[in-house]
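Q: Chain residues, written in single-letter form:
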Amino acid sequence: MSKLHIKDLEVNFHTREGIVRAVDGINLSINPGEIVGLVGESGSGKSVTCNSILQLLPAPPARIESGTIEWSGKDLLLQGGSEMQGIRGKEISMIFQDPMSCLNPYIPILDQVAEPLIIHRLCHPLKAMEDAREMLEKVGVLRIAECPRAYPHEFSGGMRQRAMIAMALITKPSLLLADEPTTALDVTVQAKVLSILKDLCGSLGTSVLFVSHDLGLVAELADRVVVMYRGKVVEQNDTRTLFTHPAHPYVKALIACRPTLDISQDRLPTVEDFIDSKEEAPLNPTTISAPNPLSGQEALLEARDLIVEFKTDEGTVRAVDQVSLSIRRGTTHGLVGESGSGKTTLGRSLLNLIERNSGEIWLHGKRLPASGQNNDSGFRKSMQIIFQDPYASLNPRLTIEETLLEPMAVHRLGGSKTERVDRVVALLKEVGLGAEHLARYPHEFSGGQRQRICVARALTTEPDFIVCDECVSAMDVSVQAQVLNLLKSLQANRGLTYLFISHDLGVVKFMSDEISVMQAGRIVENGSANHIYNEPQTAYTRQLIDSIPAANRTSGFKG
Amino acid sequence: MSRLIFSRLLQAIPTLWVIATLTFFMTRFAPGGPFDSEKAIPEEIKIKLEAHFGLDRPLFEQYILYIQNLLRGDLGPSFKYPEWEVSELIATAFPVSLTLGVLSFIIALLIGIPGGMIAALRRNTWMDYLPMGLSMAGICLPTFVLGPLLIFVFSTQLALFPPLGWYGASDWVLPSLTLGLFYAAYIARLTRAGMLETLQQDYIRTARAKGASSWRILTKHAARGGLLPVVTFLGPAFAGLISGSFVIESIFFIPGLGKFFVTAAFNRDYTMVLGTVLFYAILIICLNLVVDLIQALLDPKARQAK
Amino acid sequence: MEANKQSALPAISIFWIILFGWTWLALGCSKPSNVETAIDEQVLHFGLGAEPQHLDPHLATSVAAHNILSALLEGLVSEDPKTLKPLPGVAQKWEISDQGRQYKFSLRKNARWSNGDPLTAHDFIYSFRRILNPNLGAPYASMLYALKNAESFHQGGKSWQEAGVGVVALDEHTLVLTLKNPIPYFLELLNHYAWFPVHQPTIESFGAYEKIGTAWTKPGHFVGNGPFSLTSHQINSVIEVTKNQSYWDAETVRLQGIRFYPIEAVYTEERAYRSGFLHLTQSVSADRIDFLKEKYPDELHFEPYLGTYFYRFNVRAAPFDDVRVRQAFSLSIDRQRLVDKVLRGGQSPATTFTPPGTGGFFPAPGFAYDRAKARELLDSYLREKGLDSLPQIELTYNTSEGHKKVAEALHAMWKENLGVEIRLLNMEWKVFLSTISGGDFSLARAGWIGDYVDPHTFLQMWRSGDGLNMTGWENQSYDQALRLAETSTGTAKRWESFQRCETILAEEAPILPLYFYVHLTLRHPSVRGWSPTLLDHHPYKYVYLAKEAHP
Amino acid sequence: MKPEKSSSLGKDAWLRLRANRMAMVSLFILVAVGLLSLLGPMLSSHAYDEQNLDRIFENPNSTYLFGTDNLGRDLFARTTYGGRISLSVGLLATFVSLIIGVTYGMISGYAGGRVDAWMMRMVDVLYALPFIIFVILLMVMFGRNFLLLFLAIGAVEWLTMARITRAQTLNLKKAEFVEAARALGFSHTRILFRHLLPNLIGPIIIYATLTVPAVMLLEAVLSFLGLGVQAPMSSWGSLIKEGAEKMDAAPWLLLFPGSFFCLTLFSLNFLGDGLRDALDPKSSKD
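From first to last, the protein sequence lines stand for chains A, B, C and D. Numbering-wise, the working numbering puts 111 at position 111 of the first sequence, and it's gapless, one number per residue. Numbering-wise, the working numbering puts 54 at position 54 of the second sequence, and it's gapless, one number per residue. Numbering-wise, the working numbering puts 453 at position 453 of the third sequence, and it's gapless, one number per residue. Numbering-wise, the working numbering puts 188 at position 188 of the fourth sequence, and it's gapless, one number per residue.
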């Protein structure tokens, strides 16, 4: 068993726009049998660090400027192509984030799992297939026994990630590099995959470098946690100490700004609260929120017996199955469920963006027209949507000004052009941007800023009802906190009604007054936020809650 | 799989019908007729001739008659060479074009795919620029320049190969090279683009992380995905190759199909035009089907979808 | 990316191994050229120019068909290889009577079909009847109008007996032809394939008597009586004939076979010749004359060819409805310069329509070059019409390098000499034909090759309403003069009438003769017994191949 | 990495294109060839149809920069004049094919469902037609007007463009900004032309740079068949065709127009590649 020791590693990216320092002199070591968590937000350099160990960085543009990576007496950075081939997959294996794209779609799973054994000539190819089958069964890919020639696309994401684990561990490597291995998975699946990973590595004595953006998740698994921020290691310590006594303000902020399930807050603390003030902020700057004063009023939106079906090659799929829903004015209705549960479809059919097969939708007591026609803009003005991906939801060819003016022009709001521009500027200020941003194009903004623009666009028509469809799911926790705070304050100021869709129970609970849990197109549970969390009525909801890493469920550390 | 073949063949029927109809009327509306000639034929003889070929009937009746004959598999005699049936002419010329096409195809693949792969692997080095530059030259040079050029070098100057004819293996070299190089150029570019795209895929990184060698990555992991777009191109390209090339046939004096495509239209040889058009359409339909089957073979996802 | 260099090498090396292997294989198989082996084999490799449309002599219309049919069939007479004067063919001898109206042919007894059947006078009657049968629709049926009552039979409605066509078999071997009126060049006419006999049993067995497009002309079916018989026909590739042993004069025939290659592209044909693939080419591109003259001075031949290259005016529409404009266009062409500088193939400038010397007829020059007069005529026209310039004139020609070159040269000449800029309009062949015959042109390119060596084959075209006239020009005196020439018997009288026709043509200028054709060809020195003839007819039975003489 | 100045995607693409040396050289060559074609016939002291029958087939010399042809015409004037014809033919036909193809593809992709299926079926049918026969028939019908003919060729060339546009539209249709536009109650036309079309420009431009050479090659093939421009006009295709026939006797007749032609095609292709890189969203910042 060897020890990995990274010393003063510096990695730069040489792009046309200039040199970007991705990793800025970090030191890190992994002892035999140890599980080390490497945590940071996007752009912190955690993946670059991980990839540079096996020389898997795309070069150019990446260049390792200095440092050493010691592994069983050798400096990995000095090894040539064929030496590295001998180490990769044999001594050090790797698992990547997206199981959908990381398995070769043209080769049967079994062959891919067996391949490391064949490449490294560890056994006879026939024996390798046998071992691969065993390994796959061990990680729970049971279908392989029935159809050994199955291809990756025939498996779900969770099964594929299990197969990736089997592939990585089949050669019994000394070190496993896991780069965000569960980020793309649903919580319940994530929990299962993590436990398999942990058990298997434990039994093989493999040490693990576990890279993740999710501190809570790492707490669940790691013996030791290393936190990176802007290419530097800001803190590393054993898990318990790091959680209970974080030293660096950034780490403190990371722990604090994630909405948790056990307490209710009106506003989330943000990283700026901790870093800019340079002072010890309270760990829990929260107030238990008072009951919403607007609650109990009449329903703004009501849906009755909604059914939405899609035709696919395999036949008709019922995405929304007899859903009835009522949302009161000025409240937030949370909608939670795993991928494929139909929550997004429900959101869009409420906006009449998708044709529904049957059912009725009432807004302001008026019935919406049956089909998803575009031109009956009467109701369009009062209902808007904010999407998950702020990168895709802004037209890249239009400036912010054009994007925001267009809806007003189409709906003839706001009289003259100057009046409209004034309103646009006011809106931008409201979402935390300014008039100086008007002439810019979307690609010049960060993800958080773009989402603010999307919010502003949704507000141009002065709607009452906004569907937030996973609108913070793609964001780092620190940015997520800012956007969630913005949505909350807008609701307070404008009396907006939200349908807040997310797979993240914590976020939903933070935002919502009421929560519906969706599964397979149906709403399985309905109730007030606290009620759902404290007394889940169905096994499914309970499973959802239990799957959340303990550290994310509560503000305290119980791992 | 057999369902795919069956449904495709079923779809082919309306396609062929539309094509036959379109062509029928287009040729008839083109000015001039099959019996116009310089030594002006007396009017009464022309009428006789037209009656003999049924051209005196109303156009729509001719059309119905043609479709009826077509359903019986009868393409009728050529108007230009009435002593020959259209199907007979196609049947004599097709083997020639097939030989030429297959040879060119092999050359195109043998040059194009390795060339594109090398270029993709060594992107932005001279091993990329050289084959890509050559392939651009191949695309830019019309075959009627390349053909005489090859003849000039290999036949006139070096006396290695005969400059024309289609009588033995040595006659095959220059025409298939001329035709093959043109397609090789396209294939090389497509291969390079496809390979570059595939080499950026995450699963290539996975393969590298397993310790696979470059050769293994190229052949086992990247080739399938990278060559899929090439396969799509190959169907119509192959149809184009084996249905002959007028330019090549004219330069090298080869009795292939390509000549009929051009001269039939020029001669207003109505039956021949329709015959060649339908023949080509059937080729395209069959080869597209083959392409789909190959794609299904290469791509398990496509296999399942079908 | 650390790809290793060996990665793509196997594929490349496999490719090169195959290529080299192929090269060696091909080299190993490479044979001596056609021309090299031909002397021993006595096989002539003949550039045919185009695939013949028909091999049925009664349906054929092309030069290519003539070149093949004259090997496969023989008429009543044959041709002298140098002068094309009639020699005995199937007919051993003949007597002319009734002031040239009646011909009595004695057929030779040893004349046989290629399948051994004897060839009799009835075969000729059957053949004449077939080509004149209105239901066959033979394009050259009118060639036989020379026979008495042939025209009325061909117009239909009458049976052969009723019509009484002037052809009678006195016995198996004696055939009497009666003409409508005396034709001095009648015997020459008989060498046209329309007069060739066909084998009755074969025709009947294919039902080809009045049906177009039967398989009787294919190898294995074709029964002929010529010096050669058809052995192979691969369309667009080769037509092969071999010596017919049952031909009556097989002793004279020295060639064992002829291979005809329908190479259409003139540059491909030239390459074929230069590589020893062909003995002779059908044509040579005008642009290659200087180059080939230098490289193959002894093999490039300029041979007289009975044909005139000219343009038609459309006299039905302005401005060419006025003779002054037509004359102006004609007078502003420097034909000598056109011939010397543009065509460069030894053509002679056409100052008349009939090539001088056709059958001994030398017309007086009529079309001249006179810039000043041309300008004057045009100006007077413009003044009279009150025009500043002529409307846009289009010169229509069919797609061909040669036609284009001439048109471009004339375009420049008119621009320079007349100050008129015309527009050139190149049309695809069939469109060209329908445009011209529809009269939808102002100036159109044309050419005429004589079917027989007599001025009549040229001058008859300009009769009012003739199918070949197409200019819309009608002239009573011309028609009279032509009729007079047709009915006269004495040479002097005929020449006088033809001269009258020529003079009217030159005065009225419905056409614009440019030059007289020359047959340009590359011919290998080993081809012997081949003489230049006016009609480009070369009786194959006198042709043979011999080693080049080494002076 | 936020730029100080605001920049549109177009400007960004231009900056990236400027960094691509191959593409810039190509652009320069194209501009030079274009200018030469435009001005060349005026620069030459001989008109493109002016004949000097005493000086035919002359080697390049001081009077005739590129030599003369079979009628003693100045090859420089003819080459540059031919450039005008070939380039305008290429651009015109491409333009027509773009208009038809993009509209067709966009409608098909945006409408989706049965409309899409039928429209694409039609494209498949047209694909199965041998192109050359149809060009000849069109040629025969429109033969009198060369520009009209290339309008017709453009009308035949649009198939691939339609397929590309449709595929892109299908992708873009699912983009969230299109859905946002629908949620905001915009009309279909507005979505098609203001939101979809500008985002399709990238692949359209790239394919257009590949269509221009394809059309120019087609023009050359038509010249080979004798269906090219009306004499005495010249086009690169017809000049190359004539040059190829005489390459052993008068190589300059092939060399000069051939180099211009190849240079233009090379440049168009490299420019297309450069544009692809420059407009590729993957290579954008972030």
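For the record, the hints were derived by calculation from the structure and aren't laboratory data. Do not take every clue at face value.
Below are the DSS-like pairs computed for lysine-lysine, each with C-alpha atoms no more than 27 Å apart in a straight line [stated by the list, open to error]:
#  : chain 1 : residue 1 : chain 2 : residue 2
1  : A       : Lys74     : A       : Lys138
2  : C       : Lys547    : B       : Lys46
3  : A       : Lys381    : D       : Lys174
4  : A       : Lys381    : A       : Lys488
5  : A       : Lys381    : A       : Lys429
6  : D       : Lys173    : B       : Lys301
7  : B       : Lys301    : A       : Lys172
8  : A       : Lys127    : B       : Lys46
9  : A       : Lys381    : D       : Lys11
10 : A       : Lys138    : A       : Lys127
11 : D       : Lys174    : A       : Lys311
12 : D       : Lys174    : B       : Lys301
13 : B       : Lys220    : A       : Lys311
14 : C       : Lys373    : C       : Lys341
15 : C       : Lys180    : B       : Lys46
16 : C       : Lys148    : C       : Lys180
17 : C       : Lys405    : C       : Lys385
18 : C       : Lys148    : C       : Lys85
19 : A       : Lys366    : A       : Lys429
Q: Work down the list of hints and note, for each, if the structure agrees.
A: Cross-check of the supplied hints:
1. A distance of roughly 33 Å separates the Cα atoms of A/Lys74 and A/Lys138; the hinted pair therefore is violated under the 27 Å criterion.
2. With a CA separation close to 49 Å, the supplied pair C/Lys547 and B/Lys46 exceeds the 27 Å bound.
3. At most 27 Å may separate the alpha-carbon atoms for a hinted pair to count; A/Lys381 and D/Lys174 meet this at roughly 22 Å.
4. Taking the CA atoms of A/Lys381 and A/Lys488, the gap is near 21 Å; set against the 27 Å cutoff, the hint holds.
5. In summary, the hint linking A/Lys381 to A/Lys429 is supported, as the alpha carbons are separated by about 21 Å, within the 27 Å threshold.
6. Distance hint between D/Lys173 and B/Lys301 is fulfilled; the C-alpha atoms sit about 23 Å from each other, no more than 27 Å.
7. Our distance criterion of 27 Å between C-alpha atoms is broken by B/Lys301 and A/Lys172, whose separation comes to about 31 Å.
8. For the suggested pair A/Lys127 and B/Lys46, the alpha carbons sit about 82 Å apart, so the restraint of at most 27 Å is broken.
9. Proposed proximity of A/Lys381 and D/Lys11 is contradicted: the alpha carbons are some 34 Å apart, above 27 Å.
10. The suggested pairing of A/Lys138 with A/Lys127 holds, with an alpha-carbon distance near 16 Å, which does not exceed 27 Å.
11. With a C-alpha separation of about 17 Å, the suggested pair D/Lys174 and A/Lys311 falls inside the 27 Å cut-off, and the hint holds.
12. Pair hint D/Lys174 plus B/Lys301 holds up; C-alpha atoms about 21 Å apart against a cutoff of 27 Å.
13. The suggested pairing of B/Lys220 with A/Lys311 is violated, with an alpha-carbon distance near 36 Å, which exceeds 27 Å.
14. Between C/Lys373 and C/Lys341 the CA atoms are separated by roughly 23 Å; this keeps the pair inside 27 Å, and the hint holds.
15. The hinted pair formed by C/Lys180 and B/Lys46 meets the criterion: a straight-line CA distance of about 25 Å does not exceed 27 Å.
16. Distance check on the hinted pair: C/Lys148 and C/Lys180 sit about 4 Å apart at the alpha-carbon level, within 27 Å; holds.
17. Only pairs whose Cα atoms come within 27 Å are accepted, and C/Lys405 paired with C/Lys385 is rejected, the gap being roughly 33 Å.
18. A hinted pair counts as satisfied when its Cα atoms are at most 27 Å apart, and C/Lys148 with C/Lys85 qualifies at roughly 24 Å.
19. Annotation: proposed proximity of A/Lys366 to A/Lys429 is violated, straight-line Cα distance about 33 Å (limit 27 Å).
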